[in-house]
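Quick note, the sequences are listed as chains L and E, same order. Going by the numbering used here, the first sequence wraps up at 112, each residue one higher than the last. Going by the numbering used here, the second sequence wraps up at 113, each residue one higher than the last.
Be aware that one or more of the hints could be misleading.
[Unchecked claim] Label pairs and their in silico Cβ distance ranges:
#1 39/E to 84/L: 22 to 30 Å
#2 39/L to 83/E: 41 to 49 Å
#3 78/E to 63/L: 43 to 51 Å
Everything labelled a hint here was simulated from the structure, so no lab data went into it. Where a beta carbon is used, it is the ideal one built from N, C-alpha and C, also for glycine.
Spelled out from the first residue to the last, the chains are:
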Amino acid sequence: DTGVSQNPRHKITKRGQNVTFRCDPISEHNRLYWYRQTLGQGPEFLTYFQNEAQLEKSRLLSDRFSAERPKGSFSTLEIQRTEQGDSAMYLCASSLMNEKLFFGSGTQLSVL
Amino acid sequence: DQQVKQNSPSLSVQEGRISILNCDYTNSMFDYFLWYKKYPAEGPTFLISISSIKDKNEDGRFTVFLNKSAKHLSLHIVPSQPGDSAVYFCAASFGGSQGNLIFGKGTKLSVKP
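Whole structure, please, built from the sequences with the hints as guidance.
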């Protein structure tokens with residue numbers, strides 16, 4: 001069990017650029033979640049997949065955000081035309097059906 | 001509007017004593033509650049949970065108490081150890097979900113030797 005892996009660990013970008021993050025879940029887990037955490041706050045739910053199907057999206061997930069899980073394994077989260085308010089820790093988690101979440105260490109995004 | 005509130009940003013406890021972390025919620029439709037622990041530079045780690053049909057759940061040194069009438073839950077750690085020093089997040093969900101969670105802001109626990 002190698003745990004949930006997220007890449008990159010840190011990303012610095014300029015406002016207006018596009019960024020993409022990758023998450024590799026625990027191999028047998030069929031559910032994959034994306035959360036966002038800003039300084040001094042708890043994680044906020046963004047979206048989740050069951051296998052390759054995106055089943056739920058938060059209203060926090062604006063049109064500039066898109067997530068995919070093409071083969072039901074790894075997932076990518078893309079942010080287009082980044083804004084300074086997108087600066088946050090992006091956390092990925094996976095689970096086996098409705099069991100407890102296992103989180104990765106996150107990708108820290110800084111938008112300058 | 002914060003639906004899950006952890007009003008104490010920090011707590012300091014002596015090793016061996018009890019740590020009590022508190023959490024309040026506003027939505028009476030929540031039916032599942034969880035505690036996660038987070039060390040610096042790591043993702044949150046599941047600690048313990050409780051369904052709304054129970055008022056207590058215990059796992060080793062960790063006990064969670066739920067008071068539905070007061071919309072309040074607490075996490076007790078006995079005895080506290082220096083390795084327990086971390087940020088503790090309270091979370092709640094609907095429909096027994098363990099995935100789509102609403103988190104509080106967290107409480108930083110420091111256990112001093």
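Flag every earlier hint the structure violates by its number, smallest first. Structure breaks hint 2 only.
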